[in-house]
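Student: Just so you know, the protein sequences line up as chains G and C, in that order. Per our numbering, the very first residue in the first sequence carries number 1; after that it's consecutive. Per our numbering, the very first residue in the second sequence carries number 237; after that it's consecutive.
Rather than coming from a laboratory, the hints here were simulated on the basis of the structure. Please note: incorrect hints may appear among the correct ones.
Claimed, not checked - Within a straight-line C-alpha distance of at most 30 Å, the following computed DSSO-like cross-link-like pairs (lysine-lysine) qualify:
id: 1; chain 1: G; residue 1: LYS74; chain 2: C; residue 2: LYS631
id: 2; chain 1: C; residue 1: LYS631; chain 2: G; residue 2: LYS138
id: 3; chain 1: G; residue 1: LYS75; chain 2: G; residue 2: LYS209
Claimed, not checked - Here are the simulated distance ranges between beta carbons:
id: 4; chain 1: G; residue 1: LYS52; chain 2: C; residue 2: PHE715; range: 41 to 49 Å
id: 5; chain 1: C; residue 1: ILE434; chain 2: G; residue 2: ARG176; range: 53 to 61 Å
id: 6; chain 1: C; residue 1: GLU768; chain 2: G; residue 2: THR14; range: 15 to 23 Å
id: 7; chain 1: C; residue 1: GLU768; chain 2: G; residue 2: ASN223; range: 41 to 49 Å
id: 8; chain 1: G; residue 1: GLY37; chain 2: C; residue 2: LEU695; range: 15 to 23 Å
id: 9; chain 1: G; residue 1: LEU230; chain 2: C; residue 2: ILE415; range: 49 to 57 Å
id: 10; chain 1: G; residue 1: GLY37; chain 2: C; residue 2: PRO343; range: 25 to 33 Å
id: 11; chain 1: G; residue 1: ASP164; chain 2: C; residue 2: GLY753; range: 48 to 56 Å
id: 12; chain 1: C; residue 1: LEU750; chain 2: G; residue 2: LYS52; range: 27 to 35 Å
id: 13; chain 1: C; residue 1: TRP539; chain 2: G; residue 2: GLY136; range: 45 to 53 Å
Unchecked claim - A partial selection of chain G residues facing chain C, derived with a Cβ cut-off under 10 Å:
id: 14; residue: LYS45
id: 15; residue: LYS52
id: 16; residue: GLY56
id: 17; residue: LEU85
id: 18; residue: VAL104
Think of the CB as a built atom: it goes at the ideal place given N, C-alpha and C, for glycine as much as any other residue.
One-letter residues, chain by chain:
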Amino acid sequence: MLKIEHLTKKYGETKAVDDLSLHIAPGEIYGFIGHNGAGKTTTLKSVVGILKFDEGEITVDGVSVKENPVEAKKKIAYIPDNPDLYEFMTGIKYLNFIADIFGVGAEERQERIHKYADAFELTGDLAQHINAYSHGMKQKLAIISALIHEPKLLIMDEPFVGLDPKAAHTLKEIMREMCSEGRAIFFSTHVLEVAEKLCDKVAIIKDGKLLRSGTMEEVKGDNSLEGVFLDLEDEK
Amino acid sequence: MIKALLKKQFAELGATYVRNKKTGKMRSKAGIIGFVLLFVFLFALLGVSFYFLAGSIAEVMIPAGLSWLYLALTSSISVVLGVFGSVFTTYAGLYQAKDNELLLSMPIKPSAILFVRLTGVYVTGLLYGSLVMIPSLIAYFIYEKPSPSAAATSVLTWISLSFLILTLTCILGWVVALIASKLKNKSFVTVFISIAFIAGYYIIYFNLNKLIENLIAHAAEFGEKVRGSAYPLYVLGKGAAGDWLSFLIVFVVIAVLTALTYLILSRSFIRIATTKSSGRKTRYTEKRAKVSGIGKALYYKEWARFSSSPTYMLNTALGTLLMPVVGIIALIKGKELTSFYPVFEAMGINIGAFLPPFILAAVCLVATMNAVTAPSVSLEGNNLWIIRSSPADTKKVLDAKQYLHLSVSVPPVIFLTVCIDAALGIDVVNFILTVIGAVMFSVLISASGLALNLKMPNLDWTNETVAVKQSVPALIVVFGGWAAAVAVGVAGFFAVKIMSSTVFLLICITVFALAAGLINLWIDKKGTEIFENL
Numbered sequence: 001m002l003k004i005e006h007l008t009k010k011y012g013e014t015k016a017v018d019d020l021s022l023h024i025a026p027g028e029i030y031g032f033i034g035h036n037g038a039g040k041t042t043t044l045k046s047v048v049g050i051l052k053f054d055e056g057e058i059t060v061d062g063v064s065v066k067e068n069p070v071e072a073k074k075k076i077a078y079i080p081d082n083p084d085l086y087e088f089m090t091g092i093k094y095l096n097f098i099a100d101i102f103g104v105g106a107e108e109r110q111e112r113i114h115k116y117a118d119a120f121e122l123t124g125d126l127a128q129h130i131n132a133y134s135h136g137m138k139q140k141l142a143i144i145s146a147l148i149h150e151p152k153l154l155i156m157d158e159p160f161v162g163l164d165p166k167a168a169h170t171l172k173e174i175m176r177e178m179c180s181e182g183r184a185i186f187f188s189t190h191v192l193e194v195a196e197k198l199c200d201k202v203a204i205i206k207d208g209k210l211l212r213s214g215t216m217e218e219v220k221g222d223n224s225l226e227g228v229f230l231d232l233e234d235e236k
Numbered sequence: 237m238i239k240a241l242l243k244k245q246f247a248e249l250g251a252t253y254v255r256n257k258k259t260g261k262m263r264s265k266a267g268i269i270g271f272v273l274l275f276v277f278l279f280a281l282l283g284v285s286f287y288f289l290a291g292s293i294a295e296v297m298i299p300a301g302l303s304w305l306y307l308a309l310t311s312s313i314s315v316v317l318g319v320f321g322s323v324f325t326t327y328a329g330l331y332q333a334k335d336n337e338l339l340l341s342m343p344i345k346p347s348a349i350l351f352v353r354l355t356g357v358y359v360t361g362l363l364y365g366s367l368v369m370i371p372s373l374i375a376y377f378i379y380e381k382p383s384p385s386a387a388a389t390s391v392l393t394w395i396s397l398s399f400l401i402l403t404l405t406c407i408l409g410w411v412v413a414l415i416a417s418k419l420k421n422k423s424f425v426t427v428f429i430s431i432a433f434i435a436g437y438y439i440i441y442f443n444l445n446k447l448i449e450n451l452i453a454h455a456a457e458f459g460e461k462v463r464g465s466a467y468p469l470y471v472l473g474k475g476a477a478g479d480w481l482s483f484l485i486v487f488v489v490i491a492v493l494t495a496l497t498y499l500i501l502s503r504s505f506i507r508i509a510t511t512k513s514s515g516r517k518t519r520y521t522e523k524r525a526k527v528s529g530i531g532k533a534l535y536y537k538e539w540a541r542f543s544s545s546p547t548y549m550l551n552t553a554l555g556t557l558l559m560p561v562v563g564i565i566a567l568i569k570g571k572e573l574t575s576f577y578p579v580f581e582a583m584g585i586n587i588g589a590f591l592p593p594f595i596l597a598a599v600c601l602v603a604t605m606n607a608v609t610a611p612s613v614s615l616e617g618n619n620l621w622i623i624r625s626s627p628a629d630t631k632k633v634l635d636a637k638q639y640l641h642l643s644v645s646v647p648p649v650i651f652l653t654v655c656i657d658a659a660l661g662i663d664v665v666n667f668i669l670t671v672i673g674a675v676m677f678s679v680l681i682s683a684s685g686l687a688l689n690l691k692m693p694n695l696d697w698t699n700e701t702v703a704v705k706q707s708v709p710a711l712i713v714v715f716g717g718w719a720a721a722v723a724v725g726v727a728g729f730f731a732v733k734i735m736s737s738t739v740f741l742l743i744c745i746t747v748f749a750l751a752a753g754l755i756n757l758w759i760d761k762k763g764t765e766i767f768e769n770l
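So that you can see chain G by itself, here it is in the shape it has in the complex:
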């Protein structure tokens, strides 16, 4: 579903991501962990076409992000670490705007808004302007908007930050449901317990370089994910 080949992204002379390669198959939940400034967000933003990269290639379901960004973006949904949404719109208008951009039909969008807004207990607040939303409500709205076009690949940057326990549980259920339908998820997190329980595969990044990747068993062996992560962080 997602192929990242030799991705390199520089900011001036500094390499934020250095020759990173990852493959994510349909039906996989892929966790992406690393310290602050390791290059996680830069990688995710490169995948969704927000950042132009210097070297390498990214393909989503066989479509090149570099060569055909619009077609690639149709298959992706992105939830950033900080949900800065259009505060001048109401929640429902924002969802309809995103649905229009992704070309979702009237019936499908209505059904999905109903389903996900109910699941995240946001239905009653959809007529409110987003500037009246709390951080958690904005995060829920960003998640619903990401699910509205049934993306083949869901990219999330720290998706559990700001969510209450019930909403976090709902999101995990939705993630599993998506994967059972053959779609894929690639997300960054600092919560290693969540990654350990939820992910099929995991990648650890440090200073822009991929340190280790593979199935959870391959990466952590008999150790805990936290132990492996801390050991790798201490290595030079």
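Fit chain C to the known structure of chain G by using the hints.
Tutor: Just chain C now, kept in the frame of chain G:
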């Protein structure tokens, strides 16, 4: 700590002018000097016009022994200009700043945050007030030649009044903030109040000559009335004119008012800065969704942003409101203008030939007041990720910004041109060509604003006012547009001596269309690339 906060405040105020927002690097020295010179020039231009106004009053009142009335009058005008010039900046800067909560969470006293914000407000009010007061004092020194003691009190009175401006601005800004926190549709209410103020300003402006003539003719009588029924104004004037006791009264009253305002504001600052709209919560009821295409959805997004922000509407689309008003005035007063035709003919001006270029120039001058695209890229701010991660073609995203400008500008431009054409009775061919020329000029303004904002974006603003009001692209578009309008008028005046006005209008249309086409070509090729790399 205060020093650090002040540094932050002024860095924010001056960031647009000294730092390139895209690269984060300082602008070149030449760039900074250019900006400074531009503002000095504007300040001087307005100052000179106020000097002539003040001089005309001073040359009558001062010899008549009414120096106090002259100083009271000019001081009052400067206070009014200072207060209204800075009240909306106060509202946005004091109560709407994005970093209010961040600063409040730090170990900083709210009174210190308030003090630093007030410094910015004081500087803004001082600048606006000085536009009137400095030329007025110069006129006073020239016509009165005051004693050192009177010169000192006149200057000290102005310094004291600058604090009165601050006090009144804070009180009005506080009222605006309090009302705004209770309102649901505050953007439209703000626009309504602002337009009422602007209308009032223009009514006074157009009747100013009559008012001054009246005042000069009945200066002594007016002075007596002020002394009788507006005694504080008399004390203010007397104090400024050299009466130390009166000055001390004015000084003490202003000092007490300023201290009281600061005390009250510092106590209520947290409450006002953190109060959210208490409008009734609207509960969502499911309705059948309306489906739109990408272009329409992007246009809707631009419209929603525009209509939700009074700052955006008032600063970039005032022409939309002004053009119909000017059009109606032209229809009503048109006959009065045609009665001047014989006078122009007697001066050797072929009015029939010059009229069409003149109309086009006049409409262009007013149409330039709309520059909706100029801050439109900057306004994406932190929301840029939404568009950048969506499968919307960048060209369509940028087109939507231009469609918004055209939809709020072209109808009033057509209305205004048709009204003036009809009022002045020009022939059918030139009638049509002036309309096409005016529309084409709007298209050019739209493309220029967008191109300039792509070249000079400001995405890391802390409050929207910075992105709109301190928009260098908007400044360039407005002044460039005015220059172009004047050029059309001047070129037309000479051109009609060697060609018909129809040919001249056709040349103008071709130039506007060619320029707009070239800029749009640049936007399609380079502009989209710049937007994708923001």
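Student: Look at the Cβ atoms of LEU230 (chain G) and ILE415 (chain C) and judge whether their distance stays inside 49 to 57 Å.
Tutor: About 55 Å separates the Cβ atoms of LEU230 (chain G) and ILE415 (chain C), which means 49 to 57 Å holds.
Student: May I ask you to test the hint 15 to 23 Å on the CB atoms belonging to GLY37 (chain G) and LEU695 (chain C)?
Tutor: About 21 Å separates the Cβ atoms of GLY37 (chain G) and LEU695 (chain C), which means 15 to 23 Å holds.
Student: Hint validation: VAL104 (chain G) versus chain C, beta carbon distance must be below 10 Å. Holds or violated?
Tutor: 8 Å, holds
Student: Within a Cα-Cα threshold of 30 Å, do LYS75 (chain G) and LYS209 (chain G) meet the stated pairing?
Tutor: Holds - the C-alpha atoms of LYS209 (chain G) and LYS75 (chain G) are around 26 Å apart, at most 30 Å.
Student: Restraint: LEU85 (chain G) near chain C, CB-CB cut 10 Å. Satisfied or not?
Tutor: 7 Å, holds
Student: For the hint on LYS52 (chain G), does the least C-beta distance to chain C fall short of 10 Å?
Tutor: This interface hint holds because 6 Å falls under the 10 Å limit.
Student: In this structure, is the beta-carbon distance linking ASP164 (chain G) and GLY753 (chain C) contained in 48 to 56 Å?
Tutor: About 54 Å separates the Cβ atoms of ASP164 (chain G) and GLY753 (chain C), which means 48 to 56 Å holds.
Student: For the pair supplied as a hint, LYS631 (chain C) and LYS138 (chain G), confirm whether the alpha-carbon distance does not exceed 30 Å.
Tutor: 28 Å, holds
Student: Within 27 to 35 Å or not, the Cβ separation of LEU750 (chain C) and LYS52 (chain G)?
Tutor: Check passed, 32 Å falls within 27 to 35 Å.
Student: Does 15 to 23 Å hold as the CB distance between GLU768 (chain C) and THR14 (chain G), or does it fail?
Tutor: Holds: the Cβ-Cβ distance is about 21 Å, inside 15 to 23 Å.
Student: Using the C-beta atoms of GLU768 (chain C) and ASN223 (chain G), is the stated range 41 to 49 Å upheld?
Tutor: Given a distance of about 43 Å, which is inside 41 to 49 Å, the answer is holds.
Student: Let's test the interface hint: is any C-beta of chain C closer than 10 Å to that of LYS45 (chain G)?
Tutor: Status holds, d = 8 Å.
The structure fails to meet hints 4, 13 and 16 from the earlier list, while all remaining hints are met.
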